[in-house]
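Undergrad: Take the sequences, apply the hints, and build the full model.
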Amino acid sequence: MSAIEVRNLNKTFKTQKKEAGLKGSLKGLFWRETLYKEAVKSVSFSLEEGELVGFLGPNGAGKTTLLKMLSGILYPTSGEAQVLGFTPWQRHRDYQRQFAIVMGQKNQLWWDLPPAESFLLNRDIYGVDHRTFQYTLDEMVELLDLKNLLNIPVRQLSLGQRMKCELVASLLHQPRVLFLDEPTIGLDVISQEKIRSFVKSYNRLKKTTVLLTSHYMQDVEQLCERVLVINHGGIVYDGPLTSLSNRYIDHKIIKIRFAEPQSATAPSNLKGIVEWDKHHALLKIQKKEVAQITHKLLGDFPIEDLSVEEVEVEEVIRRIFEERPDTENF
Amino acid sequence: MGQTLRRYFALYRSFLSHNLKNEMMYRVNFAINVGLDIFFTTVNVIFFAILYGNIETVGGWTFHQTLILVGTVGIVREMAYLTFRKGFLELGEYVRTGNFDVMLTTPMSTASHLAFRHVSLTESLGEGLMGLVLVGYGFSHLDQATWISIPFYVLMLFNSLAIYYGFCLMVSSLVFWLIKSQELNTVIYYFMNTARYPRDIYHGLGKAFFTFLIPSSLIATTPATLLTGKIDAPLMALSLFVAAGLLSLGLFIWTRSLNHYGSASS
Amino acid sequence: MQKYWTVFRVNWQNALQYRGPTAISILGNLLHILVLLYLWNAIYQSEQSLGDYSLSDLITYYILQLLINSMVLSYISWQIGTEIREGSFSNFLIKPVNYLHYWFTINLSGKLFEGLMISVVGLIMAGVLADYITLPDNLTTALHFAFAMILGAILAFEFDFAIGILAFWLVQIDSFKYMLQYGMFFLAGALLPLDLFPMLFQQIAHALPFRFMVYFPIRIFLGKETQPYEGFMIAGLWIVGLYFILQFGLKRGITRYEAAGK
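Protein chains in written order, with the numbering used here: chain A, 1 to 330; chain B, 1 to 266; chain C, 1 to 262.
Everything labelled a hint here was simulated from the structure, so no lab data went into it. Ideal Cβ placement from N, Cα and C applies to all residues, glycine included. Where hints are given, some of them may not hold.
[Said to hold, decoys possible] Derived CB-CB ranges, DEER-like:
#, chain 1, residue 1, chain 2, residue 2, range
1, A, K27, B, R256, 24 to 32 Å
2, C, L27, B, I38, 53 to 61 Å
3, C, N14, A, K106, 20 to 28 Å
4, A, N10, C, N14, 33 to 41 Å
5, C, P136, B, P151, 29 to 37 Å
6, C, A259, A, E275, 46 to 54 Å
7, C, L208, A, A116, 46 to 54 Å
8, B, R256, C, R252, 53 to 61 Å
9, B, G60, A, T15, 48 to 56 Å
10, C, T226, B, I38, 37 to 45 Å
11, C, D52, B, A264, 51 to 59 Å
12, B, I38, C, L112, 32 to 40 Å
13, B, A264, C, Q203, 52 to 60 Å
14, C, F248, B, I38, 28 to 36 Å
[Unchecked claim] Straight line, CA to CA, 25 Å or less: simulated PhoX-like cross-link-like pairs of lysine-lysine:
#, chain 1, residue 1, chain 2, residue 2
15, A, K206, A, K147
16, B, K21, A, K106
17, A, K271, A, K287
18, A, K23, A, K106
19, A, K288, A, K271
20, A, K106, B, K230
21, A, K296, A, K284
22, A, K14, A, K37
23, B, K180, A, K17
24, C, K251, C, K95
25, B, K180, A, K147
26, B, K180, A, K27
27, A, K23, C, K3
28, A, K271, A, K296
29, A, K255, A, K278
30, C, K177, C, K251
31, A, K27, A, K41
32, A, K14, B, K180
33, B, K180, A, K37
34, C, K95, C, K3
35, A, K288, A, K255
36, A, K106, B, K207
37, A, K41, A, K17
38, A, K14, A, K27
39, A, K287, A, K255
40, B, K180, C, K177
TA: This is how it looks when you write it as structure tokens:
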């Protein structure tokens, strides 16, 4: 049985247009034009139990809206979803006891109290028995190396430490499904790395199904074998990260270092030149022409070093997002 | 049913102890809050003292009886802060910061989670204590006070708390449309402030309005009437009826508003 | 001047965005006044009276109080306090704007906006309660009243601004501010006409300038103050005096703010 099953999910928001200027505001007092924004458009996918899948997309693509629907915070306009056999927006208590959502920019820890206190409160809210609670807590404190932080007020913790504690607070009831919305946002590189490795090992250890959104490429690159790329509310790619570039990128990058200085202006008979100076050159070449062009280059120029590289995933993603220009009013 | 009640009672205790620990962090705030409350209650008493300096009775209520009204409002307020008020007061903020979204995902009824989130002993403690003093003082100056009326008084205090909660649910539901909650809180504040005036000042349509639609006239007057020695059974029955009606209506509106939030927020 | 006009306009635009909250806040005020009307009515029904006020005088007093609360009394100190505490005040240090004049404009614009809204409500109320309203019987009284309102609004702003910039010196003053504001309004006659107070309180309230914010204009409106010129002069002196004190205080506050290096 799949842990998450989403079929044809749609979410349309109604917003009111606000006109600029005092005149517009006065008009708005009595009459406002209603606009519709399709935040999520006929999204379908399914996740197997224990999978760790990344949601990739620019800001406003609909990632958070989707996670909120799967958490039961929002109702869809139409469509169906089943998580662990529940329809999330019915907000069934038995469902709520089995999943958790962590939103990177929102904190549920009590600001002035040590994290240990927030943990106790969550224990009571989720009705976790004391022994299980202690065991789970010890385990995670060990994994995240939090032992010395448990009794320091949250406001004195660093952003990274706080995020770790947020994770612990959300995992105390051992959810079977975990939604992570931008868990590494605003963190320094080292903290990001630690959160990542924790999520990875936790997923392996507990077989928890994890759905993660991020606009940091590295999060997804290191954690997820499978990615869902979402843009303008719709899923544009669903599959392994590795085949993403095959599918969307039809070129490779050729880097050259010349053995002796060349003329500063690029030869006009060579196509795909991105950069060119006396010592270096960088070319963007169609995949099927790579062999032929490489051959030609090696014959025509004194070359000390030549490398053929795949386009970076980040670049791939950017390509996908740029492919469909923003035509909406937002 | 019994199990659910026990669970919520345990949850309340857990939230209360967390909030108390939190309040301990700000002992100065605590002192200031109490001082502020005492100041405001004193100004209120001065208001009535000046008023009664010019006249004998208001709607048939003497100065000492009015002090019981003023004190009762203070006690109900403190009871409300101990159970739900502050959470609802902060609803707008929770919605804006997204903390409310987290409340929607926990295995607790959302209204209880919101109510318990910020149960506060100290926020209105000064007014509560002043209220006890005023009620005690007024009670000791009554001509026909009897001790038997005290249990009725306490019972009706809880009934007033229920009315207050129902009204809060109703008005705070608007937060999901307005997002700003400051003005709504002002309305609720006025609701309790005007509860100080005896119900007997109203007549006709106004009486019906302040009984059924905005039942501020029952909050203080019903318990206080009983304490002054008049076992007014119809008034008691009316208050119980209004409390039940308002609670149901409040919960209905609240649930509908949560649905609206789920379909309209982003 | 142009910059202050822009501030004025933008503030109106902002206020118009919140039509829902504005309507609710008016509704709340209205209900509050309604309860008070019942209160006075009950008192006069049992053949009692308050000082030299007739029932219609009192009802007029509180309807005007509603108007004054919107048009005269100032509440900007909350925003000023927040700006100073949270450091966004720094934005003003780099702009060629006088902070006092800036907030005067914001307040003026806000008061006119609220006044416009509340006037509609007030007129409807006055229409419904026509039998209970005491109107001025000549133009001079009306002009005196309008002038007193303007003086009151400026004074109220100055005092509120003073409370606001206290934040330069005191960190957590919200509670203190509540007390100051409430005490000020009480002594201004917002809750009860000042001549109903016991003699000693009356003398204190009379010596203080707060009465020019509420009590004084309403007395004029009710025709109980036919020679208000002395009052105008005293209020005018307070306004000018406070202006210089505020500019001085602001300068000192800024020096302190800069030294703290926020």
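Undergrad: If a hint holds in the structure, say so; if it does not, say that too.
TA: To see whether the hints hold, each was checked on the structure:
1. A:K27 - B:R256: 24 to 32 Å: holds (30 Å)
2. C:L27 - B:I38: 53 to 61 Å: Distance hint for C:L27, B:I38 is violated at roughly 31 Å.
3. C:N14 - A:K106: 20 to 28 Å: holds (27 Å)
4. A:N10 - C:N14: 33 to 41 Å: holds (34 Å)
5. C:P136 - B:P151: 29 to 37 Å: violated (55 Å)
6. C:A259 - A:E275: 46 to 54 Å: holds (52 Å)
7. C:L208 - A:A116: 46 to 54 Å: With a Cβ separation near 53 Å, C:L208 and A:A116 satisfy 46 to 54 Å, so the hint holds.
8. B:R256 - C:R252: 53 to 61 Å: Between B:R256 and C:R252, where Cβ atoms are some 54 Å apart, the hint holds.
9. B:G60 - A:T15: 48 to 56 Å: holds (54 Å)
10. C:T226 - B:I38: 37 to 45 Å: holds (41 Å)
11. C:D52 - B:A264: 51 to 59 Å: holds (55 Å)
12. B:I38 - C:L112: 32 to 40 Å: Given range 32 to 40 Å: holds, Cβ gap about 37 Å.
13. B:A264 - C:Q203: 52 to 60 Å: At 58 Å between Cβs, range holds.
14. C:F248 - B:I38: 28 to 36 Å: holds (34 Å)
15. A:K206 - A:K147: Satisfied, since the Cα-Cα distance of roughly 21 Å is no more than 25 Å.
16. B:K21 - A:K106: holds (22 Å)
17. A:K271 - A:K287: OK: A:K271 and A:K287 at ~13 Å, within 25 Å.
18. A:K23 - A:K106: violated (37 Å)
19. A:K288 - A:K271: Status holds; Cα separation ~14 Å.
20. A:K106 - B:K230: violated (53 Å)
21. A:K296 - A:K284: Within the cut-off at roughly 15 Å; holds.
22. A:K14 - A:K37: holds (6 Å)
23. B:K180 - A:K17: holds (19 Å)
24. C:K251 - C:K95: holds (15 Å)
25. B:K180 - A:K147: violated (40 Å)
26. B:K180 - A:K27: Holds. B:K180 to A:K27 sits at ~21 Å (cutoff 25 Å).
27. A:K23 - C:K3: Roughly 19 Å separates the two Cα atoms, so the pair holds.
28. A:K271 - A:K296: Answer holds: A:K271 to A:K296 is near 12 Å, not above 25 Å.
29. A:K255 - A:K278: Roughly 14 Å between the alpha carbons, so the hint for A:K255 and A:K278 holds.
30. C:K177 - C:K251: Cα-Cα ~21 Å, so holds.
31. A:K27 - A:K41: Measuring from Cα to Cα gives roughly 32 Å; hence the hint is violated.
32. A:K14 - B:K180: holds (19 Å)
33. B:K180 - A:K37: Roughly 23 Å separates the two Cα atoms, so the pair holds.
34. C:K95 - C:K3: Given that 25 Å is the threshold and the Cα spacing comes to 11 Å, the pair holds.
35. A:K288 - A:K255: Status holds; Cα separation ~17 Å.
36. A:K106 - B:K207: Violated, at roughly 46 Å.
37. A:K41 - A:K17: holds (21 Å)
38. A:K14 - A:K27: holds (19 Å)
39. A:K287 - A:K255: holds (14 Å)
40. B:K180 - C:K177: Holds, at roughly 22 Å.
In terms of the numbered hints stated before, the structure departs from hints 2, 5, 18, 20, 25, 31 and 36, listed from lowest to highest.
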